[in-house]
Amino acid sequence: MNALVTESRFADPDRAYRGLIEAHRGLTDEQSAALNSRLVLILANHIGDHAVLREALELAKRHDDSGTGNSWDGS
Amino acid sequence: MNTRKILYQFGYQRCRDQDSPSPVRHPIVVVGAGPVGLCTAIDLAQRGVKVVLLDDADRIGEGSRGICYAKRTLEILDRLGVAEPCLERGVTWKLGKVFQRDELLYAFDLLPEDGHKMPAFINLQQYYLEHALVERAAELPNLDIRWRNKVIAIERRDDGAMLTIETPEGAYSIDADWVVAADGARSALRDMLGLAFQGEVFEDRFLIADVKMQGDFPPERWFWFDPPFHEGRSALLHKQPHDVWRIDLQLGSDADAKAEQAPERVIPRIRQMLGHDDFALEWVSVYTFQCRRLERFTHGRVVFAGDAAHQVSPFGARGANSGIQDAENLAWKLALVVKGEATESLIDSYDLERSAAADENIGHSTRSTDFIAPRSAQELRFRDATLALARHATFAKRMVNSGRLSMPSTYETPLSTPDVDDWSGSACLGAPLPDAPMRDRDGQPVWLLEALGNEEVLLHVPNGEPPPAGSNVIVIGRDLIDETGLFAQRFDARPGSTYLVRPDHHLAARWRHATPALIANASRRLRGFEGEQA
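Quick note, the sequences are listed as chains A and B, same order.
The first sequence: position 33 = 33 (the numbering used here), numbered continuously.
The second sequence: position 267 = 267 (the numbering used here), numbered continuously.
So that you can see chain A by itself, here it is in the shape it has in the complex:
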C-alpha cells in the first residue's frame, strides 16, 4: 500500500512555493479560495489513492490552529 510522502520532493522547493504565490497574485480572496479548491481536486485525483488522500487530510487537519496569528492588514 502506498503511504503519504512527506519528504521534500522538489529539487528547488522555493521555486515551487513561488509558483503557488504567483498563481494567486491579483486574485480576490474568493478567487483564491476557488483556485485552491480546484487545485486540491486536481492534485487529489493525480494521487488517485484513497489511503494516501486520507493520510494527507489527517496531516492537514492536525494544524487547524497553528497560524502565526498575523492579521492581514489590508491591500
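Treat each hint with caution, since some may be false.
[Unchecked claim] Short derived list, chain A residues pointing at chain B, Cβ under 7 Å:
#, residue
1, Pro13
2, His24
3, Ser32
[What the hints assert, rightly or not] Listed next, the stretches of chain A that the computed footprint assigns to chain B, with coverage defined by at least 3 CB atoms under 8 Å from CB atoms of chain B:
#, segment
4, 15-23
5, 51-57
Think of the hints as simulated: they come from the structure by calculation, not from any bench.
Glycine included, each C-beta is placed from N, C-alpha and C at the ideal position.
Based on the hints, put chain B in the right spot on chain A.
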C-alpha cells in the same frame, strides 16, 4: 537617527590632472569607493593596471550597513590582501536557527565540512571592511584614490568616455578608456546615461537597530516568525564585533518610517525583545527594498557593478557579496583587455555571467521576501500553512524561507570548455574551486586557493608522462602535496587529471587526459576567443 560618529576621514588632495590644459587620459576610472569599487580598483592595480578611483565623499563609517560577508567573498578578499584584518575583527559563524514563536523550527549549518581556509560567514560592520580596503589601496602605487571627486557629467565615445568631476576647488575633466560605475543603488552614472532600473518594489518596512550590549546569545543567525516579543511579524538577531548586535524587525507596510526611528519608539521594541534595558543604540534605520536590475551591465565602455547594476532585498546577504563577486569577475577581464591580451568582447562575458548571477540573487531574495512579508491574505495563509506543517513534514521545513544565504554562482558560460569526461566531487565546471588544505614543496601548510595566484593556472595530477608545458602549472604531489586526500576527493582527481582555472578561480576546463592542443584551445576560450578548432 544617524548620530554615529564618523570613523574614518580622508582628505581631499589636488591632483595633477586638475592643472592639465586638456583632459588626461587614463586606462580605467572606477567611480565609487564602496566595497565594490574598492575591490575592483585593488584587483586591477594588483594586476598591474593603472587605475583612478573617484568618490564624492571623504569619509566612511556612518552606520554599520551590510554586515554579512560570505565564504566566497572572503576568498576574494584574501586574494586582495584584506581577509586577515576582516577575519581578526569579524564574528565567525555558520549556524542559523529559525524559530516560530519561541519554538525552534529548524537549524542549518552553512559549512558542515572542514578543510576550507575561510569560514561560511563573518559578520563585520561595513565600515571596517571599507577601511581595510582603503588601507590596502594605499599600498598600491598604481591606484590613485581621489576623495571628494564627484562625477557630474559623462560623455560616452566609442573608445571610452570623458568624465567631468567636481571638487572643492572646481571642476576638471579626465578621459577614460573604460569606466566602472560602482556608485551604488542610487547610481548617478546610471541616471546620467538615462538607463532604466526596473524590478519589483516591496512595501513592507523593516527596522534595523544595532545595539551595544553584553549578550549571551551564540554567534548564530536567529530568525523568528511571529516571536512573542514582536507578535505577528518577523525578527532577526545577529552578532557583530565589539558587543554590537544587529536586530532587524519587520514593521509592516503602513509603518511610519520617520516615527519608527525615534529612540522612544525603538527602545521599547528592543526592551520587549531582550527583556532588559541594558543596551545602547548604535545605529537605527528604517528601510524598504526593491529587487531590480539594469537590463545590461555593459554600455559601451561604461560597465556597471554592484548595487549600481542590481539591487536585492537584504534577506540572504546577497548585496555586498554579489557586488564583490562582480568586481572580481570584471577586474581580470578588464586587465587582460587593457593589456591587449584579450579582445574587448571578453567584457560581454562579464555581462552574461554576472547578469545570470544577478537573476539568481534577485530570484532568491524575492522568494525569501514573499515568504517573510506576504502580500495578501492568501499568501499569508500559504506561509502560515508551511510553518505549521514544518513541525511534522520535512517537505514543508524545506519551504520555510527566512533568507537563503549568499552562495557563489556557477557560470554557464562560453568561457568554459564543456566536460567530455565524467566527474564527481564538489568541484564543478563554471563554479569557484573548492578549497583544500595542502603542503608546499617545503612541507609548509598552504591552502589550495592561496597557491593559485592571480593568473590563469593549470592543476595537474601526474601519471608518469611529462606534465603540461607552461609557466603556470601546479603539479599535485610535486608543487602541492595533497596530504589529507581532500583535493583528490573534492576534484575527483586521478592520475592524469588536469584542471584549467580562471584568474577568478572559477573552473574553466578539466580533462582526464589533457593534450597541449586541448589546453591551448580551452585557454583561448577562457580569454574570450571562441570558435577554436580542437
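Return the numbers of the hints above that this structure violates; sort them in rising order. Hint 5 contradicted; others consistent.
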